[in-house]
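Engineer: Add chain L to chain H, keeping to what the hints say.
There are 2 protein chains.
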Amino acid sequence: MRAANHPERDEITLIEVMKALGDPIRVGVVRVLSDGLERGWGELRAPVAKSTLSHHMQVLRAAGVTRTRLEGTRCYVRLRRDDLDERFPGLVDALLAAAGQDEVGSEVGLRPVAAP
Amino acid sequence: MRAANHPERDEITLIEVMKALGDPIRVGVVRVLSDGLERGWGELRAPVAKSTLSHHMQVLRAAGVTRTRLEGTRCYVRLRRDDLDERFPGLVDALLAAAGQDEVGSEVGLRPVAAP
Chain H
1 MRAANHPERD EITLIEVMKA LGDPIRVGVV RVLSDGLERG WGELRAPVAK STLSHHMQVL
61 RAAGVTRTRL EGTRCYVRLR RDDLDERFPG LVDALLAAAG QDEVGSEVGL RPVAAP
Chain L
1 MRAANHPERD EITLIEVMKA LGDPIRVGVV RVLSDGLERG WGELRAPVAK STLSHHMQVL
61 RAAGVTRTRL EGTRCYVRLR RDDLDERFPG LVDALLAAAG QDEVGSEVGL RPVAAP
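Protein chains in written order, with this note's numbering: chain H, 1 to 116; chain L, 1 to 116.
Isolated chain H, as found in the complex:
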């Protein structure tokens, strides 16, 4: 979970990104994060076990698709949209359009925010 575990922009590879995005849950996470906001892991809602979601988050991070930040005991995640767009122009746009059209990953969403 350390910052050191993120590939630098130039180290992000097409194949690892394609592999990371070859899963509907991971595509769903990318769709949720596509608004550019950083989210706490606890905010993410997905129809998989917590450990499975954790694995998916790790795959996305290792591929350079997301950046994870640890604050105290909580993990936050955001999409590395700038890095991905710089490395592979148009790829994330095309993926998001296709996923939106076919509703791929729609089972992933955000939990309702608890009242303060």
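Treat the hints with care, as some may be off.
Just a few of them, taken from the derived set where beta-carbon distance is under 10 Å, the chain H residues facing chain L [claimed, not checked]:
no., residue
1, M18
2, A20
3, F88
4, P89
List time: in silico DSSO-like cross-link candidates among lysine-lysine, alpha-carbon distance up to 27 Å [said to hold, decoys possible]:
no., chain 1, residue 1, chain 2, residue 2
5, H, K19, L, K50
6, H, K50, L, K19
7, L, K50, L, K19
If you want a taste of the chain H side facing chain L, the calculated C-beta under 8 Å gives, among others [said to hold, decoys possible]:
no., residue
8, I15
9, K19
10, L21
11, G22
12, P24
13, L91
14, A98
15, A99
16, V104
Just so you know, the hints here were simulated from the structure itself, not pulled from any lab data.
Built from N, CA and C at the ideal position, the CB exists for glycine as well.
Structural biologist: Same frame as chain H, but now just chain L:
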């Protein structure tokens, strides 16, 4: 290898396409076929065993990325560019640009044509 084994255009799914394109040899085959020409399998040159290449071709076909045609005892293959562009606009373009830039799949090519 029968025509029946190809998904119809509407049956092509984003996830299967992403999975199929999460491999450098398969990306290389797509790059070779990106000129739109149909090629005999024997024309393809890749640094893998014949059986491995055959497996890769099967993955591409099953995902709807390529169309394979059997003529006598020879297999021919072409990219389903129209179907892919229709289903997922911009995706193949972005992939080919990224792969070209990073030289992903450059180890796949065409054999020199034998003199007649």
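Engineer: Was the hint right that P24 (chain H) lines chain L, CB cutoff 8 Å?
Structural biologist: Interface hint status for P24 (chain H): holds (6 Å vs cutoff 8 Å).
Engineer: So, as I understand it, the hint says A99 (chain H) touches chain L; can you test that by seeing if any CB pair is closer than 8 Å?
Structural biologist: It holds, given that the least Cβ distance between A99 (chain H) and chain L is near 6 Å, below 8 Å.
Engineer: Was the hint right that L21 (chain H) lines chain L, CB cutoff 8 Å?
Structural biologist: holds (5 Å)
Engineer: Tell me if the straight-line CA distance from K50 (chain H) to K19 (chain L) falls inside 27 Å.
Structural biologist: holds (24 Å)
Engineer: Is the hint on A20 (chain H) kept, meaning its closest Cβ partner in chain L is under 10 Å away?
Structural biologist: Status holds, d = 8 Å.
Engineer: Against chain L, run the beta carbon of G22 (chain H) and see if the smallest gap drops under 8 Å.
Structural biologist: G22 (chain H) check passes; min Cβ-Cβ to chain L is 4 Å, inside 8 Å.
Engineer: Identify whether the interface hint at V104 (chain H) stands, where standing means a beta carbon of chain L within less than 8 Å of its own.
Structural biologist: Result: holds, 5 Å to nearest chain L Cβ.
Engineer: Under the criterion of a CB-CB separation shorter than 10 Å, is M18 (chain H) in contact with chain L as hinted?
Structural biologist: Holds, about 4 Å.
Engineer: Holds or violated: the hint that K19 (chain H) contacts chain L, with Cβ atoms closer than 8 Å.
Structural biologist: holds (4 Å)
Engineer: Can the hint on F88 (chain H) be confirmed by a CB-to-CB distance to chain L that is less than 10 Å?
Structural biologist: For F88 (chain H), the interface hint holds, since the closest Cβ of chain L sits about 4 Å away, which is under 10 Å.
Engineer: Was the hint right that L91 (chain H) lines chain L, CB cutoff 8 Å?
Structural biologist: Hint on L91 (chain H): holds, closest Cβ of chain L at ~4 Å, below 8 Å.
Engineer: Let's test the interface hint: is any C-beta of chain L closer than 10 Å to that of P89 (chain H)?
Structural biologist: Holds: closest Cβ of chain L sits about 7 Å from P89 (chain H), inside 10 Å.
No hint from the list above goes unmet by this structure.
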